[in-house]
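Could you build the full structure based on these sequences and the hints that come with them?
Number of protein chains: 8
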Amino acid sequence: MSVGNPEFILDFEREARIGLEEAVYAAGKSPAQLDAILHAAAERGAAMLLTRLDPARFEALDPAHRARLDYCAVSATAVFGTPRPLTGHGRVGVVCAGTSDVPVAREAVRTLAYQGETAPLIADVGVAGLWRLTRRLEELRSLPVLIVAAGMDAALPSVVAGLVAGAVIAVPTSVGYGVATGGRAALDAILASCAPGITVVNIDNGYGAACAALRLLGAAQRIGVMQNQKGS
Amino acid sequence: MSVGNPEFILDFEREARIGLEEAVYAAGKSPAQLDAILHAAAERGAAMLLTRLDPARFEALDPAHRARLDYCAVSATAVFGTPRPLTGHGRVGVVCAGTSDVPVAREAVRTLAYQGETAPLIADVGVAGLWRLTRRLEELRSLPVLIVAAGMDAALPSVVAGLVAGAVIAVPTSVGYGVATGGRAALDAILASCAPGITVVNIDNGYGAACAALRLLGAAQRIGVMQNQKGS
Amino acid sequence: MSVGNPEFILDFEREARIGLEEAVYAAGKSPAQLDAILHAAAERGAAMLLTRLDPARFEALDPAHRARLDYCAVSATAVFGTPRPLTGHGRVGVVCAGTSDVPVAREAVRTLAYQGETAPLIADVGVAGLWRLTRRLEELRSLPVLIVAAGMDAALPSVVAGLVAGAVIAVPTSVGYGVATGGRAALDAILASCAPGITVVNIDNGYGAACAALRLLGAAQRIGVMQNQKGS
Amino acid sequence: MSVGNPEFILDFEREARIGLEEAVYAAGKSPAQLDAILHAAAERGAAMLLTRLDPARFEALDPAHRARLDYCAVSATAVFGTPRPLTGHGRVGVVCAGTSDVPVAREAVRTLAYQGETAPLIADVGVAGLWRLTRRLEELRSLPVLIVAAGMDAALPSVVAGLVAGAVIAVPTSVGYGVATGGRAALDAILASCAPGITVVNIDNGYGAACAALRLLGAAQRIGVMQNQKGS
Amino acid sequence: MSVGNPEFILDFEREARIGLEEAVYAAGKSPAQLDAILHAAAERGAAMLLTRLDPARFEALDPAHRARLDYCAVSATAVFGTPRPLTGHGRVGVVCAGTSDVPVAREAVRTLAYQGETAPLIADVGVAGLWRLTRRLEELRSLPVLIVAAGMDAALPSVVAGLVAGAVIAVPTSVGYGVATGGRAALDAILASCAPGITVVNIDNGYGAACAALRLLGAAQRIGVMQNQKGS
Amino acid sequence: MSVGNPEFILDFEREARIGLEEAVYAAGKSPAQLDAILHAAAERGAAMLLTRLDPARFEALDPAHRARLDYCAVSATAVFGTPRPLTGHGRVGVVCAGTSDVPVAREAVRTLAYQGETAPLIADVGVAGLWRLTRRLEELRSLPVLIVAAGMDAALPSVVAGLVAGAVIAVPTSVGYGVATGGRAALDAILASCAPGITVVNIDNGYGAACAALRLLGAAQRIGVMQNQKGS
Amino acid sequence: MSVGNPEFILDFEREARIGLEEAVYAAGKSPAQLDAILHAAAERGAAMLLTRLDPARFEALDPAHRARLDYCAVSATAVFGTPRPLTGHGRVGVVCAGTSDVPVAREAVRTLAYQGETAPLIADVGVAGLWRLTRRLEELRSLPVLIVAAGMDAALPSVVAGLVAGAVIAVPTSVGYGVATGGRAALDAILASCAPGITVVNIDNGYGAACAALRLLGAAQRIGVMQNQKGS
Amino acid sequence: MSVGNPEFILDFEREARIGLEEAVYAAGKSPAQLDAILHAAAERGAAMLLTRLDPARFEALDPAHRARLDYCAVSATAVFGTPRPLTGHGRVGVVCAGTSDVPVAREAVRTLAYQGETAPLIADVGVAGLWRLTRRLEELRSLPVLIVAAGMDAALPSVVAGLVAGAVIAVPTSVGYGVATGGRAALDAILASCAPGITVVNIDNGYGAACAALRLLGAAQRIGVMQNQKGS
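Residue numbers (the working numbering), protein chains in the order written: chain F, 1 to 232; chain Z, 1 to 232; chain W, 1 to 232; chain L, 1 to 232; chain B, 1 to 232; chain P, 1 to 232; chain H, 1 to 232; chain E, 1 to 232.
Some hints could be false.
[Unchecked claim] Covered by chain F, per the in silico footprint, the following chain Z stretches (three or more residues, Cβ under 8 Å):
| id | region |
| --- | --- |
| 1 | 11-24 |
| 2 | 154-163 |
| 3 | 167-178 |
| 4 | 217-225 |
[Unchecked claim] Below are the DSS-like pairs computed for lysine-lysine, each with C-alpha atoms no more than 27 Å apart in a straight line:
| id | chain 1 | residue 1 | chain 2 | residue 2 |
| --- | --- | --- | --- | --- |
| 5 | E | Lys230 | H | Lys230 |
| 6 | B | Lys230 | P | Lys230 |
| 7 | L | Lys230 | W | Lys230 |
[Claimed, not checked] Here are a few chain B residues that sit away from chain L, every Cβ distance over 10 Å (derived from the structure):
| id | residue |
| --- | --- |
| 8 | Phe12 |
| 9 | Glu139 |
| 10 | Gly151 |
| 11 | Ser158 |
| 12 | Ser193 |
| 13 | Gly224 |
Honestly, the hints are just simulated from the structure, not real lab data. Note that beta-carbon positions come from the ideal geometry of N, C-alpha and C, so glycine has one too.
Here it is, written out as structure tokens:
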């Protein structure tokens with residue numbers, strides 16, 4: 001079943017279909033549209049994740065809705081209603097190169113948390129001071145899945161992927177100026193990486209990286225079942 | 001230990017470190033350089049995967065080496081020596097939009113096979129004739145990991161990721177002309193996809209997509225072990 | 001005949017010549033310039049469509065003019081004076097992928113209405129939830145001409161054009177961030193579509209898409225006359 | 001029903017679905033792949049249009065197939081088997097700016113002919129010598145649908161669309177050097193045109209422009225039926 | 001001789017050297033810097049042209065300086081002190097495609113006036129309504145030098161240069177949205193023009209176009225002297 | 001009057017209209033098309049300039065035509081028939097930065113010569129060795145019109161325009177590699193020049209620069225007549 | 001040893017490792033983050049350089065920190081605590097083309113000063129008035145290392161590098177409009193320079209240019225020691 | 001004194017002026033032009049370095065010249081006549097990321113050698129296998145100046161510059177495919193590096209990197225003299 005009005009149709013079955021709930025991308029929507037969406041969610045008793053909700057837009061929401069939102073200004077994300085309990089941990093880590101990459105990294109952390117997965121944030125381990133990275137190498141190697149956020153030259157995913165065996169999901173960020181403006185240089189550097197097996201999502205897309213990690217965890221679970229069936 | 005000369009150093013420990021053997025990217029190398037590399041591999045008794053080995057360069061190799069190469073002209077890949085036995089299957093599928101995307105898709109299939117993973121190739125299921133895709137939906141949904149190669153508008157990964165819960169690794173291809181030339185349009189379309197959780201590799205990089213899938217399978221295995229440890 | 005001053009010349013004969021009245025693109029014009037244009041229209045007793053009239057500029061107009069404007073803030077369009085009566089319907093539909101594409105879609109709907117054509121708005125049918133599209137397929141197939149607005153990966157026009165026989169006029173939108181910024185990715189994806197016979201207009205150009213549909217309706221009428229002449 | 005092998009699946013129902021037969025884009029395919037496709041078509045007794053079939057590839061086809069192909073080297077198109085009889089005419093015209101745009105224009109003419117529509121080619125009417133265009137204005141105005149191919153500055157579609165009321169489908173071409181290389185300048189000029197209601201297809205895509213015209217003719221026919229029903 | 005401080009050096013000899021006085025590009029300068037420059041000019045009793053002086057910056061200048069400035073907000077230009085008397089006329093015309101191009105066109109007109117050349121502004125003669133252009137053709141042909149400002153598809157310079165024998169200096173403008181944003185599409189269209197002998201200056205550079213016209217007038221004068229010397 | 005076939009229409013009145021004969025851009029045309037054009041010219045007894053005629057295409061022409069062509073392989077230009085006598089000189093100079101820019105510079109020199117204007121070629125005066133330029137400064141200053149061809153950083157036009165009062169028509173060239181590839185860097189550098197009054201033509205467009213100079217000479221002549229009329 | 005919190009880790013050993021202290025890039029950081037960093041520095045008694053600290057952010061800092069900052073609004077740099085004494089001079093010069101390039105040039109001057117190196121600022125010597133440059137040539141030649149900041153066409157580094165034997169580190173600036181916007185044209189012009197041996201840093205990166213000069217001075221010192229050891 | 005013909009002027013004083021001899025960029029020159037240049041050098045008894053001399057062009061030279069050329073096909077460089085003796089060493093190292101970067105690295109090594117500086121080539125130390133780099137760290141730290149050639153993601157210069165105190169001159173290479181094509185991704189990654197003080201030259205410009213190193217060595221020598229004077 002779906003709830004719709006002439007201009008939006010919420011996809012409440014998405015989780016059943018692809019294992020991920022629909023999130024609301026707030027950037028292009030007016031407070032009125034967002035309130036209508038939250039109203040629809042409230043009516044169903046559904047929880048909801050909002051991304052790209054800048055403080056001005058957050059402040060303009062219906063106070064009744066605002067009271068039910070767990071808002072994080074740094075990552076511009078908000079959780080409406082009760083997210084599911086945290087059940088998974090130790091499976092995904094979120095790494096970022098510099099402090100300017102933290103908002104993107106936190107968007108990933110909070111998206112994972114919303115879907116029940118606790119992920120540590122390993123910040124400011126950019127390659128310009130390699131010791132910051134190598135002293136945490138053991139921790140990085142212990143995590144089967146790593147989300148790596150990096151802007152500017154985005155050398156971090158290449159170096160990490162050369163050091164660990166886990167899955168590496170890179171998020172280029174739009175941090176920087178000059179040729180780094182907008183994040184295309186970071187994106188292209190990661191895509192061109194000579195370290196094999198790195199995957200990438202859109203610039204600044206911490207949410208998407210988290211979703212990719214969640215798809216991967218789902219796949220891992222199914223593969224485990226397969227293996228066990230074969231094994232038994 | 002490593003084998004090197006002044007101009008190349010093979011990374012035979014790579015698999016121990018990151019779970020993936022080093023492959024040789026043949027495009028930028030002369031036949032003499034390639035023969036030297038194959039000689040080093042032969043001396044160690046190591047197997048080796050070569051990518052981007054066009055027919056002209058293949059023909060120019062030392063006949064003794066050529067005799068030991070399993071060469072596929074469509075994907076421009078070659079396997080030297082004995083790859084490991086095929087042990088995994090039913091875990092990864094390789095999907096492509098049109099027949100022009102087959103070379104890239106096959107590069108992925110052969111890279112997976114080299115590392116012991118059998119993957120079916122599901123070809124010509126582009127969205128312009130949606131029935132070609134939907135009639136194979138059950139098969140697609142049965143595979144935990146999908147590599148999806150698509151060029152031009154690259155709408156296929158978006159549609160697939162909206163229909164399946166598995167991990168989706170997209171490979172944009174450089175198929176097409178006009179604005180499609182070079183594959184940037186396909187790449188950007190995938191990165192901008194509104195279907196959540198798609199990951200991407202470089203244009204035409206079937207090898208990289210396969211490596212990403214292998215990293216993911218490794219992660220799945222470790223997550224399974226974790227779960228079992230917790231469960232027991 | 002034309003009405004001009006040293007810096008603008010209105011083209012009141014345009015409709016006679018090409019079947020479309022001149023519309024006023026308000027974005028680059030000062031309120032004083034816009035008031036002068038509306039004054040000229042009022043003097044002739046002419047109706048007029050204004051596009052890209054943001055609220056600030058609208059508020060700055062002469063109150064006497066504002067009173068005669070039917071203004072829509074979402075699409076930033078305004079109709080001055082009395083538009084022609086709605087006579088056509090059931091011939092054109094306006095489809096959009098997400099709620100963020102609604103402003104562009106409404107610009108098309110209102111341009112069509114100004115010229116007498118009623119068009120339904122079919123919103124939020126993006127391909128990430130294909131069921132939203134397929135459940136409305138019959139309606140889409142019943143409309144000979146479809147305007148399809150979509151941003152980000154802009155996969156919707158490709159999928160629609162593979163499912164319907166009607167004319168498809170796509171409008172890429174500048175919705176999104178990272179590689180989607182500005183709408184070039186959406187534009188290129190549509191131009192590169194493997195579904196044959198899609199046409200495109202400039203990014204965010206709902207007005208242009210409506211004009212293209214109106215040209216098409218004019219052509220259809222003339223072709224009908226031809227056929228009848230031949231038939232009789 | 002469909003005919004397929006592991007690497008291609010022909011969409012013989014496409015015409016029933018969207019009014020356009022599938023054409024074969026030969027550029028990315030080997031002679032062996034093309035021969036297999038032609039074989040499948042021959043077995044069904046189906047006709048087939050091939051585009052981007054350069055002379056070298058044409059010469060490499062099975063002579064038995066070649067004998068049944070009506071090949072045009074200028075436009076690199078070929079028709080296999082018997083196309084449908086020419087029934088429509090006087091409805092679509094194909095216009096081009098310079099002699100270098102003729103290959104693209106002819107691709108459109110031949111695609112239209114393959115589907116039964118005769119279209120005159122009005123060549124070398126670029127705006128640098130405006131008299132070449134204006135002396136044919138009456139003819140241009142008599143045609144309800146115009147395909148306009150132009151490269152370099154691509155000013156022709158703007159000028160034509162300001163002079164005629166018909167539907168205008170523009171095809172930018174990759175003719176030219178310097179900033180014109182590849183055709184992006186021509187494409188952008190057309191998209192940015194101040195003449196309202198021009199639609200565009202991909203660079204050099206004469207085939208796509210013809211398909212768009214055919215969709216339009218189909219829409220016109222349906223609109224005519226609607227009108228008649230309403231009228232009667 | 002020159003007047004300088006550690007951070008600017010005025011080039012008062014420029015006119016003697018290249019026939020053009022130095023103008024002050026105000027966009028990147030603080031009011032304090034501008035006041036210092038005007039002070040230096042006042043001390044020498046020199047006149048001065050300022051370009052890109054937006055209203056906010058103008059208002060922030062020393063009132064004593066402001067009182068001596070002839071300011072035009074539309075073109076963001078100001079003349080300080082007494083410009084030279086208007087002596088030339090009938091030699092240069094400034095043409096623009098739409099009313100949104102007027103600011104750029106006026107920058108050219110005012111730069112010419114500052115150096116003593118009167119030039120008529122022929123506005124809103126874009127090619128979408130060709131009659132607006134052709135009815136003024138005689139006037140255009142009577143002017144030996146034409147500056148043509150046009151944005152979006154910038155088809156006007158091509159059409160003009162195909163109709164007149166005079167020198168054509170085109171100025172692309174940044175008017176428009178989507179692919180027209182920033183003016184690159186207009187610039188490329190003009191550079192790619194098939195009408196021979198058009199020259200171009202930077203986007204929105206009305207000042208530069210005027211300087212080019214002034215260089216041309218200087219060259220014409222010298223050529224006249226040569227001819228007369230040869231003739232006598 | 002004009003001579004045409006379905007695919008080309010020669011514009012023999014162009015000179016009467018805009019002071020420049022039509023030239024034939026050979027790059028996109030087959031030898032057969034070129035021979036047809038030359039045949040048409042021969043029938044009228046007209047001379048003709050061909051540009052971008054590479055040696056292979058030249059060799060493929062009808063020997064009878066070839067015998068009447070004055071061909072220059074360096075600039076890939078050919079003159080058919082008898083050009084007009086050289087009457088003007090000392091008015092235009094062609095300057096180029098490096099020896100790799102000579103082909104473009106010669107295209108300009110030969111186009112000027114075809115229309116009767118002798119122009120000296122001042123080669124290899126790039127700014128990396130400023131003495132090469134300054135020792136010829138007097139000569140440069142004596143020429144009222146300068147065409148300046150430069151690739152790579154294209155600093156030469158800026159330096160020249162800061163030293164001379166004449167008209168400067170710059171031609172960026174596609175010489176160089178890396179960021180210089182294709183000539184866009186050179187083009188942009190010239191457009192962004194801080195030396196006022198430089199005009200630009202398309203990359204490698206020596207022909208266009210010459211046409212611009214010829215337009216300028218025509219304008220100069222008309223201005224001289226004006227002056228004389230006023231003076232008398 | 002290092003000082004860290006979950007989101008930043010200062011690299012106080014950087015100078016020991018690479019001869020350069022870590023500077024704080026303030027652009028992407030909140031006042032709270034900056035105060036935390038300054039607090040950590042204060043605790044260690046360390047000095048610190050901040051770049052890209054715009055006035056608004058500066059004003060928002062803890063007044064206790066602000067009191068210890070030597071702030072320069074033009075270059076948006078601030079020095080916290082006591083920088084090292086000025087010991088080097090006469091080794092590095094900072095040159096800039098126009099007054100709009102001064103902010104970038106000053107960022108370089110202040111970074112050098114922070115690390116103990118006095119460098120003269122030689123401003124407004126752009127090539128449009130070559131005399132401004134040549135009259136200071138002796139001074140330029142006396143300085144072994146030159147940082148040259150230039151925007152727009154960025155011809156200055158090419159001309160300087162053709163005149164002096166010293167090391168030339170160029171900084172493109174984002175000064176200008178149209179094709180100069182963002183500084184890519186300036187960057188590419190410098191990279192494509194035909195004067196050999198110019199090196200470049202990111203657009204507007206005065207800080208980076210100073211660091212490069214400091215690395216060079218360090219290298220010079222070590223080379224001097226080598227020479228002396230060999231010599232003795 | 002200089003030797004010139006109408007189309008080239010050799011700059012034999014360049015070394016006196018800027019410490020670097022002129023090299024001949026062979027890519028854009030015909031064998032005839034190259035032979036003329038070599039002839040001029042031979043007449044003066046001068047040595048000469050040629051870059052970008054591909055094997056085909058080398059083979060086409062006058063055998064007498066060829067006999068005096070020391071040609072290296074890998075780097076496409078040739079030395080004519082007797083280079084100066086090797087006197088410097090231990091001051092510059094040339095590092096490259098992969099074997100495909102060797103041609104560029106060797107161009108640098110040979111340019112240095114031509115001017116008397118021996119530099120070791122440290123190859124295949126890309127960051128995907130960090131151990132290859134770290135095991136040579138001591139050697140890298142012993143060299144005051146490093147030229148680092150890297151393509152694809154070009155992460156190597158960032159990592160090196162974070163580990164060594166020496167001067168780092170990076171050369172992006174055009175190695176790779178997809179987004180790496182042409183080397184722009186590598187260039188931008190280096191320019192955006194977060195490791196401070198890296199300088200960059202044009203893509204594939206090993207020659208320019210060597211020239212920059214030579215300028216730096218010259219500067220070091222002068223700084224040493226200064227220091228000694230001050231010290232004494």
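Here is how each hint holds up against the structure:
Given as covered by chain F, the region 11-24 of chain Z passes the check, having 5 residues with a CB less than 8 Å from a CB of that chain where 3 are the minimum. Given a C-beta distance limit of less than 8 Å, the hint that chain F covers the region 154-163 of chain Z holds, as 3 residues qualify and 3 suffice. Under the rule that three or more residues need a Cβ within less than 8 Å of chain F, the assignment of the region 167-178 of chain Z holds, with 3 such residues. Look at the region 217-225 of chain Z against chain F: 8 of its residues bring a Cβ nearer than 8 Å to a Cβ of that chain, three or more, so the hint holds.
For the suggested pair lysine 230(E) and lysine 230(H), the alpha carbons sit about 21 Å apart, so the restraint of at most 27 Å is met. Distance hint between lysine 230(B) and lysine 230(P) is fulfilled; the C-alpha atoms sit about 21 Å from each other, no more than 27 Å. Note on lysine 230(L) and lysine 230(W): the hinted pairing holds, with a Cα-Cα distance of about 21 Å set against a maximum of 27 Å. Consistency note on phenylalanine 12(B): stated as away from chain L, and its beta-carbon is indeed over 10 Å from all of that chain's, at 38 Å minimum.
For glutamate 139(B), the non-interface assignment is confirmed: its Cβ lies about 17 Å from the closest Cβ of chain L, beyond the 10 Å cut-off. The non-interface label for glycine 151(B) is inconsistent with chain L: the shortest C-beta to C-beta separation is roughly 8 Å, within 10 Å. Not every CB of chain L is more than 10 Å from the CB of serine 158(B) (nearest about 5 Å), against its label as outside the interface. Chain L draws serine 193(B) into its interface by the beta-carbon criterion, the shortest separation being 4 Å against a cut-off of 10 Å.
With a minimum CB-CB distance of about 30 Å to chain L, glycine 224(B) clears the 10 Å threshold, and the non-interface call stands.
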